[in-house]
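Here the protein sequences line up with chains A and B, keeping their order.
Quick note: the first sequence uses the working numbering, first residue 261, plus one each step.
Quick note: the second sequence uses the working numbering, first residue 454, plus one each step.
Among the hints, erroneous ones may be present.
[Claimed, not checked] Computed footprint of chain B on chain A, listed as stretches where at least three residues anywhere in the stretch have a Cβ under 8 Å from a Cβ of chain B: (1) 447-456; (2) 505-514; (3) 519-531.
No lab work stands behind these hints, which were simulated from the structure alone.
Just so we're clear, the structure is a prediction, and the values are computed from it rather than from any experiment.
Beta carbons: idealized from backbone N, C-alpha and C, even for Gly.
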Amino acid sequence: MSLLSVSNLRVTFDTESGPVQAVRGVSFELNRERLGIVGESGSGKTMTGRAVLRLIRPPGRIEADQMLFDGQDLAKIPESRMRALRGRRIAMVMQDPKFSLNPVMRVGHQLMEGLRQRDHATRAEARSKALAALQAVQIRDPERVMEAYPHELSGGMGQRVMIAMMLIPNPDLLIADEPTSALDVTVQAEVLAILDNLVKTRGMGLIFISHDLRLVARFCDRVLVMYKGKIVEELAARDLLHARHPYTQGLLNCLPRIGGSREPLPTLDRDAEWAR
Amino acid sequence: MALIEIENLTVTFTANGRQVRAVQGVSLKVEERQSFGLVGESGSGKSTILRAICGLAPVTGGTIRIGGKPLADPRGKAFSAQVQMVFQDPYASLHPRHTVDRVLSEPLAIHGLPGTDQRIEQALSDVGLPAAFRFRFPHQLSGGQRQRVAIARALMLQPDILLLDEPTSALDASVQAETLNLLSRLRAERGLTFLMVSHDLAVIDHMCDRVLVMQHGQAVEELSRETLAAARMTTAYARALFAASADRMLDP
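Looking at chain B on its own, in the form it has when it is part of the complex (with noise of 0.2 Å):
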């Protein structure tokens, strides 16, 4: 059985009056451990995917298991204590007048968990960031600093599955290099499973067993790590993608 099942998931927004269908009858399954990527333009309905997991998008149709159980609604803390996300824009996604401290022990008193402070400077270590990091707020650090914090925030509950939105898409190339790597060395240490979304074929490629090609709000084609390494992609359009992808402009 696989951890995250996905079925024939229609997410539709409502706004005045008119009805945009921003995701269209997706499915995709993760098995436990494994590493699967969303890939597409922006509007393609990939970042609307991990939100509805989280309940911050309106499901109109189709269903959402996580370990073979439908999903409760709202999701509630057994919930956030298995599944956690990490956002796209570190400056926009950590709160500018809370300290590292208060963004890292919100999780431990929501879930009622003892020993904050050792677990604090633990999860602060486990992201490579020095533990006197704790007292900053986030204007006094770096963009790839605080994306570490807000690695760091999402693992503080232990959970099993991390949700990427576009993870490294702020980042400049080195901090990039860096971030992912050390995502690479806590799932292989913690036994995560990752679902990523990303618009960068190169960085999903890296990081992600399969990958899923989106185009508006549906699903294109399911891509294998050794399919798309060898270009045997049969759609049209994850043809394009791939043949667009940065990384190919290196090529003579």
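Excised from the complex, chain A in its bound form (with noise of 0.2 Å):
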């Protein structure tokens, strides 16, 4: 049985303008292995991430047919229990370390407050599984950085000690939105090893949402493409290159290369059947 199998699932907004969708009926399976959401601005594919929390203020609603997760269907049980499985089976690492952070909190603090309040750990167990922690992520002075606030680290360190928290809980299911566009390519590459090992080591489930083509084929064992709240494709991150539709074609062939022709870019010609 899979870990997550989502059916059918819808975000509406109301507006004044009548409701918007912002994810139209998505569906898919995830086991514990790497799934990859790309799509553009306003696809829908953070939205998605977010459902699988519920983490959707009104006037957003999520609705779907079916949200099973480890046999409890997210889409109905009520809200407490739903507490009880965020940060703790399910986690989600955000975008930017500059705003997910507590600015005027100490790092240290800020790792071990969920430690103390859901787990009751004493002072001392607390801070020796934070620095357990920093230490997974590869941070090499985890004491240094405990007391650390978080503008005094970098984007690729404040990026870490984020996932850093998230595992503590070891959860089974992690949803990382856009982890490494704030950082720097030499660093990306660190920050998606660590996480890539941690997936391997711990046996996770990862969906990785990124509206980085090339990031995804080589970091996913497999990709949704979505367009304007769709699934427009599914494939094996392998098979990419040789991707059947216009969307996922265009998404690529509109990329600079090293060494390519000088010749315009092929820009997107966007069909209205696409959405449908």
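These two chains come separately, so use the hints to put the complex back together.
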């Protein structure tokens, strides 16, 4: 049985000019593997990730025929059971550490907060677990980082801290929303290697949300391509270069390549049919 | 003689009594009608060089010459008629309460140029925006459309040099392609000289004839387009940047 099975997920926002569907009937299965969701801004990829955790505020609405996670239907269970799952079983890494860490709280305090509140750990236990988590994401001087404020860390360090924080409860499913877009290319590679290693050693499922097809192709096992709230193509990451859908092909072709021709880059001619 | 000549440029910021040398002794030359790229990671000083040219960063050493002449300080009208900058984030660089019309007419008013109406219509059509966009506010435009407005604004005074600071890094891949094509076309039509900053080596390679790789405020290696394509860089850092470049990921 798969770890997560979503069928016909819809996210609707009621606006003054009528309902707007950000996600329109998305279905997918996830095992203990790395699943990539790619698309452009507004394609609904982030909303899909957030909907799994039911992190969409009104006026947004989440509806699904079913969202089965470990025998529980996430679309139906009460909020109290959902709270027990969030963080502990399903965790999310946000895009930008600058905006997702508390700027006026030391990193160590933020890492230990969950352990103290949720797991009722003693101060010493929480501290040693937090240090271990920082070591797991290859931070070399965890003692210093524990005492630092978020603004004293570089982007790559901040993102490692976020990942460490999400991994402390040892979740079964990690949703990473553009975890490396705010990072430089060389740092990006390091953070991806850390994520990859954690997925392998802990046997987690990973949903990796990104706008970067090339990154997803290299990093994931399977890719969902989203356009205007729908999945237009699902394929194995290694087959990405042989994508069938014109949207996926267009996204790949419009990227410049080193040593490529100086001709104008092919642009994407959007077909109204794709959104149907 | 090169159009832009930078010699031994040093930029030092002082914060809380601590000195940060953001750019350390960087030299470069850009010939007329050439397109020159600066590439490196955040904090490598690449954007600071552009800001130093515009007088937006404290230059503490070295010289910047444009057309053989050292720059006046403060820069003045003659400078802005010759050199203009396009910033990274079109969401932050356009005034949220000014219409496109006001954004585009301001440089004309400052420089006392006639024919505002006709110039604005021309500018909009040059960057591929419909004339109806003239009275819109930035929030009524998409990211790509905003960047087109920012490019139109930079071109209002018909400068010779465009300084481009990560002009497409806030845009989706398909919109990036459209914006890069627009920039290439405008450069060919108007004989512009580009000095472009990006962290994406593939974008720089597509747009530029030569590229300077930077790290920690210092110049690491200057590469011609051929050297880059053939991966014949000599420094370890340029090689690492090349290896990590996103477009390599598609190669098996």
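* In ascending order, which of the hints set out earlier in this document are inconsistent with the structure? -> none
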